[in-house]
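Participant: Given these sequences and hints, build the entire structure.
There are 6 protein chains.
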Amino acid sequence: MATRRTVTAETRVQPRFCGISTFCRYPQICHVDPENEPVDWAIYGVPFDGAVTYRPGTRFGPRAIRDASQYVKPYHLEHAVMVTELLSLADAGDAPVAPYSCEKNTELACEYALKLGDPAHTKLFAVGGDHSIALANIRATHKRFGAPAGGMAMIHFDAHIDTVDEIWGEKFNHGSVFRRAIEEGLIDPKRMLTIGLRGPINKADDFQYALDHGVTIVTCDQLRREGTKRIDDFLKRLGDDPAYMTFDIDSFDPTFAPGTGTPCPGGLTIQEGFALLRSMAGVHLVGADLVEVLPDLDHAGVTALLASHVMFEILALDAVRVSKGVN
Amino acid sequence: MATRRTVTAETRVQPRFCGISTFCRYPQICHVDPENEPVDWAIYGVPFDGAVTYRPGTRFGPRAIRDASQYVKPYHLEHAVMVTELLSLADAGDAPVAPYSCEKNTELACEYALKLGDPAHTKLFAVGGDHSIALANIRATHKRFGAPAGGMAMIHFDAHIDTVDEIWGEKFNHGSVFRRAIEEGLIDPKRMLTIGLRGPINKADDFQYALDHGVTIVTCDQLRREGTKRIDDFLKRLGDDPAYMTFDIDSFDPTFAPGTGTPCPGGLTIQEGFALLRSMAGVHLVGADLVEVLPDLDHAGVTALLASHVMFEILALDAVRVSKGVN
Amino acid sequence: MATRRTVTAETRVQPRFCGISTFCRYPQICHVDPENEPVDWAIYGVPFDGAVTYRPGTRFGPRAIRDASQYVKPYHLEHAVMVTELLSLADAGDAPVAPYSCEKNTELACEYALKLGDPAHTKLFAVGGDHSIALANIRATHKRFGAPAGGMAMIHFDAHIDTVDEIWGEKFNHGSVFRRAIEEGLIDPKRMLTIGLRGPINKADDFQYALDHGVTIVTCDQLRREGTKRIDDFLKRLGDDPAYMTFDIDSFDPTFAPGTGTPCPGGLTIQEGFALLRSMAGVHLVGADLVEVLPDLDHAGVTALLASHVMFEILALDAVRVSKGVN
Amino acid sequence: MATRRTVTAETRVQPRFCGISTFCRYPQICHVDPENEPVDWAIYGVPFDGAVTYRPGTRFGPRAIRDASQYVKPYHLEHAVMVTELLSLADAGDAPVAPYSCEKNTELACEYALKLGDPAHTKLFAVGGDHSIALANIRATHKRFGAPAGGMAMIHFDAHIDTVDEIWGEKFNHGSVFRRAIEEGLIDPKRMLTIGLRGPINKADDFQYALDHGVTIVTCDQLRREGTKRIDDFLKRLGDDPAYMTFDIDSFDPTFAPGTGTPCPGGLTIQEGFALLRSMAGVHLVGADLVEVLPDLDHAGVTALLASHVMFEILALDAVRVSKGVN
Amino acid sequence: MATRRTVTAETRVQPRFCGISTFCRYPQICHVDPENEPVDWAIYGVPFDGAVTYRPGTRFGPRAIRDASQYVKPYHLEHAVMVTELLSLADAGDAPVAPYSCEKNTELACEYALKLGDPAHTKLFAVGGDHSIALANIRATHKRFGAPAGGMAMIHFDAHIDTVDEIWGEKFNHGSVFRRAIEEGLIDPKRMLTIGLRGPINKADDFQYALDHGVTIVTCDQLRREGTKRIDDFLKRLGDDPAYMTFDIDSFDPTFAPGTGTPCPGGLTIQEGFALLRSMAGVHLVGADLVEVLPDLDHAGVTALLASHVMFEILALDAVRVSKGVN
Amino acid sequence: MATRRTVTAETRVQPRFCGISTFCRYPQICHVDPENEPVDWAIYGVPFDGAVTYRPGTRFGPRAIRDASQYVKPYHLEHAVMVTELLSLADAGDAPVAPYSCEKNTELACEYALKLGDPAHTKLFAVGGDHSIALANIRATHKRFGAPAGGMAMIHFDAHIDTVDEIWGEKFNHGSVFRRAIEEGLIDPKRMLTIGLRGPINKADDFQYALDHGVTIVTCDQLRREGTKRIDDFLKRLGDDPAYMTFDIDSFDPTFAPGTGTPCPGGLTIQEGFALLRSMAGVHLVGADLVEVLPDLDHAGVTALLASHVMFEILALDAVRVSKGVN
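Protein chains in written order, with our numbering: chain A, 1 to 327; chain B, 1 to 327; chain C, 1 to 327; chain D, 1 to 327; chain E, 1 to 327; chain F, 1 to 327.
To be clear, the hints were calculated from the coordinates, so they are not data collected in a lab. These numbers come from a predicted model, not from an experiment. There may be inaccurate statements among the hints.
What the hints assert, rightly or not - Taking lysine-lysine pairs in the BS3-like style, the calculated list, with each CA pair at most 27 Å apart, reads:
| no. | chain 1 | residue 1 | chain 2 | residue 2 |
| --- | --- | --- | --- | --- |
| 1 | E | K171 | F | K104 |
| 2 | B | K203 | E | K324 |
| 3 | F | K203 | D | K324 |
| 4 | C | K203 | F | K324 |
| 5 | C | K104 | A | K104 |
| 6 | D | K324 | B | K171 |
| 7 | A | K236 | A | K203 |
| 8 | B | K143 | B | K190 |
| 9 | F | K190 | E | K104 |
| 10 | C | K203 | C | K190 |
| 11 | A | K190 | A | K236 |
| 12 | A | K104 | C | K171 |
| 13 | B | K203 | A | K203 |
| 14 | E | K324 | E | K236 |
| 15 | C | K115 | C | K104 |
| 16 | A | K324 | E | K203 |
| 17 | D | K190 | D | K143 |
| 18 | F | K203 | F | K190 |
| 19 | E | K171 | F | K171 |
Facilitator: Here it is as structure tokens:
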């Protein structure tokens, strides 16, 4: 394990404002040193926003996050892990996209993801784009690491439940992604945790499908009233089962993440969000995505900066496992 | 009650980015279906900012809030009420304004408000504009629903007490509005609650007039030190008495509501503000206003979006009463 | 003709920052006085941007243009016509949209347009949205006023020729709209004038289809080198034939119109654009559109303001004809 | 004359981003060296915007212009004059304002101006604020240097004629300022030149009052069609008569000056505006103002930067006269 | 003490948007009334940003803070002190800077500071500029009020520890400032408290130098987990020893302070920061600085506004001491 | 020559918003196909802004230009050349920088440049960063292709002459770059053409050094008065001599290029600038740079977009030569 690491440009020579932007300054996947292959995580963008219901623009998310992530440093203070020493990480570029068809785009992105790294080892981290792109990464992750029956466990941060059956006659869109994932057997709803929901919503039964299928829902208001007990219980039940994490940046309050397309006031604070993520140390992540960053509505890049740190928090969870020798 | 409802454009046909903007997509008052008349609340703008002491620009508040409010959905998750099924709501357009005279503008706006809906039934919700426009709506509300003696109760969210006697020789301005309302007998200061004040202020006795008249003041710092006990006590004392709610968006911290003209750091967080508003379920509201949204200083519309959700939270308080059959 | 006019709110009572925003403060079509019916022009939005090749976001164009157009005054100084006295104009709201399918959206918008005003009299002005929405309005206009053979004449302002056969496997998109219009026989390419093209372009033969079909092309650089002779000749040949005008805001240089999705430096200045539009007095317009305004990239609303004045310049061309009794 | 000069901080010690901001880094009037007293021009702000008809916010104009003007250098390349060697210039601070009354504000600002420098020598340069503040400076200038009969000559750059009789019942506002100045006998309309007007306007006779009183009007379109002949003729007729210059930043196109409250597309380019100003070398200026800079709508300070250079161009006209020994 | 006070322009005559901007409207040091001399605090800017490691631009910090601080009022509500009655405060302008050399700049600024006010009485408050400017003010303060042995105590708010030995071969930069201060004996690390640190950081031992020298570190996460006990203990130990406060605005979360050059998510909220500052009433401050405000990344001036209120909070701590007669 | 070309990602698969950003989507130099080696031009960034005299921030220029350049297409319409078919172009990444020392940075960047491509063939295109970085590229270019005596010819677009001897005691800064280049014998001032200068300037003799050394200066005002005759004459004299082009984006008016650090009103319009560049077809370029793009002051990326098109115009000049077989 000692030789496994991610080689980034030396900031004493190439300061953080210097060089072609890759996620967190990690090497492009084609430039990874042989001794660091296969990479542990292939991080790739999916610049697609053709499945949104309100503001488009997240197709520019991967670029904005790459630029903002230049300031992400490698040592995680709370977990006390040096992420780039424990994990081999790479920027795998952007998937080709099909801007006019969510269904076709999902296939293209999945196909691209499946070619990245070593199928038996490399985990996939997709950066959106709108939430529809998660389905592509979930499919690819499931193909690589899916549990034999019932689908993967899932940890889902979001302002919205995203289990609508169809929108404007279309089954593939950014509000139906988990309905599809459940129907396709990729995700086990009984081991799915959704954090960050809040109102107003369209109608009383918006969450019914999820509840009926056994999803554990923790709304922002419940979290504040009741604390993290239900989350802690879920994590305990989850144990070491392989889990996928999907992180919609709009789980944060629009004050903290203004650059997003369907903002809803009352969301998580950065402090709440980071505390929750850190409480998940020990979870066995097999894939992840971060979605819905919309740069045109961002200011001073605060949303993209936050997103790049969420990405780091998620990777750090895996680094913690490696540091404990459990991966 | 079953047939009473607000008909909004179907989002499956007219998505939220589609159509002429009205408050929360509620119908224009001239388009309300006869079975939904008279409306329960007439929501109207007063695009006036001639009474400010620092930054002007809130005259563009109603338009910005109309646009941002397109994303406000109808079901309140915490109160578990479908607001548009319980209340008949309408956008009553903008009052004519007198941009060069606060006093004359107050008269014009009040006159306009008094013609809206059914005087015996329709409640008035004014959207500013600067805080001076509240006096117009308070006068109109008092005329419609005022208690016989001592004025209405009032719940007041604000960074500033707004009981200055006069400013630059003028009795009518956005810092004197509650002094005037008290003097005119519209508001009973002993049943007035002011939440969100904070320093720095101009001098030690800035709150003296209010304190002398019995106003219950809860500063942001007191709230954090002492919790909501004094607010809870006030609400208990208030009981079912008719109350008016005036909401200055600058009660929120400028981080959450940058688009306002006299921002003061240290204000309410969204989380605090929403919790307080929701704790007021049961209050018997007879009128309301939301003021001081200044779009030119906003970014990504976060302030206008927040304002439109505050509007929704206030209307939801009334929906809760209707749902309990007490209205 | 003396009684025909457009009634707008009196600015002495309702200043330009007051009231629900309609295009140029023209009445909503449902509020037009009977003596002003049928309207001469129905102006409607098509908030669709699902057909773009680069930046999305023009779905918010109609709203931004409505807001910016509040400052458009009614008298055209150069033509010396009072547009609102000569024409009955109305805001016909927004067409329903099909956000996920350009082809379906084109049908929906066309269907909506065909219902507006009096089919025998009312002309249609569509406000985008991306350029794909022009096809809907061209179809509807052709159905109402199309010349018997060979399609309508067309005046086309644009940075791009928009005659690509298909993009990403899709025939309906914002770069193929005039190819489709020519194929469908709606437009006669021999009487089509395209102004504002400029490089860089994708390859040498990007304009070949248009040239092969006889389109008259005047690039920005030709215009500056050669002056307006070819345009003047075209207009002379055109005479009083019915013509459709399609105006892509990106015909202007990005400095003048930053709020657009495929900006190309070197475009028309405002001074050039207005001079060209005014030189077209006498043209027999039977329909028009204005497209590609993208508010999220705009600053201080300059692009939307410019767009609303282009709309006014186009309508003024028709007013000139009415003032000469030729309509 | 050799010792007369304006002492500014040495940029080799205090770079242009250093120090408390004064107009163009000129000394505060209380800090002027005795040998440079009395100053030739006292430049003062009037942060008042209570007289506008559309967007407010120019009250922050003086501060924004002070900040942007730090980059104005002292040597005028085209006129070949070192302005700070030829003229003693000072920042005279801001006049007190009466934010709620244009009429009272006009009096306060005039009163303040009259106390600045040496009444027999010092010329007054007012920086707005909205255009209403010009009346204060015109009054003060007239009192100091007014011609015995018929009022001063005036050169007026503006998108609007500003000779409306009254607006919203008020005689004192930013659209009536020259009507008042003519009525008060301060300005001789027969020697008044207005440059930059353009449409659309409210009605055909908007300019009638001005034309009836003999004002020379040159619209933007006339200027482009006919060149500067009428302006040159005016200047020839004017000769060495004392003239006042009032410069509304909205005479420029909104592309060049987005930060203003009543923007009208089609205005002067910077190139046109500077050429016109420079063609006025030789004019005998006795006072000036620059108005309508609205920082909240500006981006990157381009409007304030432009305004500060216009101020410099105007002062340079006087420096040219001094350099020729005619002052 | 009764006559000691800071005379600011009367807001009834010169509203807060009026006048040349000085810090909090305090008088320029050359204009202080004799009875208020020597001033208690000389507040001066150091517009230098040549020592940064990521985004530059804080050279415009002092101007932005001056402008934003116009809205800072004088009475501190929580401490119940009228700051301007208790302290004589003045804006001492900006130090000359050496933009190309941090080392030389440090000397220039220190030299400038040492000349301000009365060396035996006047305390120095430096406003950055980047954090490197703190060293200048610390040196000057130490020379004036330094404890005989071991250096001054220090309270340090920051996202970063700033004890790197050198960066890019340079000992003087914004990340090495406290290393230098400790080495020079100006600061006693055993009586140094650093609040606001958080990860990610560059490597595990980033804080080692500080820890080895006995600095008390309280990270944001520790603060949330453990409360203020360690801070309270530090303050108790500190007692009445002279202490210097250095406040990096990036100790706040980027949501609250987006306008800064090395933003790190997860920082202090305004509510946390103000509570901590207020808990320090009683501390014997002998100097202070506030640094790293970067206006170009700010929006609506929220960061500069926050910074100006932090400045007020710090000054209020001293006012509290004066009010208790202990100064 | 037929096989020589630049391979960019296929936009039908990887749309322009897709993929890691390189200049104009040209391949990274390490990914160039062998048959396209050695590249004709190596384009590299130098993210250094430590030598500015006013606003810093151009260190983020290369990234912003890479992102904006994604929309630069390959065929030049006016020259009728397919640039990517005629030239082998590559993005050579960013040079290492020395943020605290202009002199050292110049050495580092020069050293980096000298290693790029084939010394006997590959031309160097540097992207700033501030103008000081030009010296590095001029040195490297001179070493590769310098004429034997008297230095290279130079075409210089700029608002400023940049021949100051030293600033703040420093010989290496962004205002002294051509003084140094002349002194070092890299540039022959007699064959140097400077376009775009304008006032105001610091003093009458600011251009004296340049004039004394025989530089041909064409100010913006001269260009408008006299046309391009002097430029045409220069180009005729220049003939086929090797020339270097240095393009400061501030040669454009701030309206067209707001994102720059020392903006000066009255500059070139896009139309003027492009016409001038295109008139230089035939010039024998051996090196080039484009500098002073400051993204934080840009809006909607218009400056970076313009810069990327200027880069394309410059490369197209070389493509024209290749197309004529003269290279």
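Participant: Starting from K324/A, check that the Cα of K203/E is at most 27 Å away, please.
Facilitator: Measuring from Cα to Cα gives roughly 19 Å; hence the hint holds.
Participant: Given the hint that K203/F pairs with K324/D, does the C-alpha gap stay at or below 27 Å?
Facilitator: 19 Å, holds
Participant: For the pair we were handed, K171/E and K104/F, check the Cα-Cα distance against 27 Å.
Facilitator: 16 Å, holds
Participant: Does the alpha-carbon distance linking K203/F and K190/F stay inside the 27 Å limit?
Facilitator: Holds - the C-alpha atoms of K190/F and K203/F are around 23 Å apart, at most 27 Å.
Participant: Within 27 Å, alpha carbon to alpha carbon, are K236/A and K203/A?
Facilitator: It is violated: about 32 Å lies between the C-alpha atoms, which goes past 27 Å.
Participant: Quick one, are K115/C and K104/C close enough, alpha carbons at most 27 Å?
Facilitator: Roughly 17 Å separates the two Cα atoms, so the pair holds.
Participant: For the pair we were handed, K203/B and K324/E, check the Cα-Cα distance against 27 Å.
Facilitator: 19 Å, holds
Participant: Given the proposed pairing of K190/A with K236/A, does the C-alpha separation stay at or below 27 Å?
Facilitator: With Cα atoms ~14 Å apart, K190/A and K236/A stay inside 27 Å; holds.
Participant: For the pair supplied as a hint, K203/C and K190/C, is the alpha-carbon distance within the 27 Å limit?
Facilitator: 23 Å, holds
Participant: Run the distance test for K190/F versus K104/E: straight-line Cα separation, threshold 27 Å.
Facilitator: 38 Å, violated
Participant: For a C-alpha distance cap of 27 Å, please report whether K143/B and K190/B respect it.
Facilitator: 20 Å, holds
Participant: Does the alpha-carbon distance linking K203/C and K324/F stay inside the 27 Å limit?
Facilitator: 19 Å, holds
Of the numbered hints given earlier, the model fails hints 6, 7, 9, 13; all others are met.
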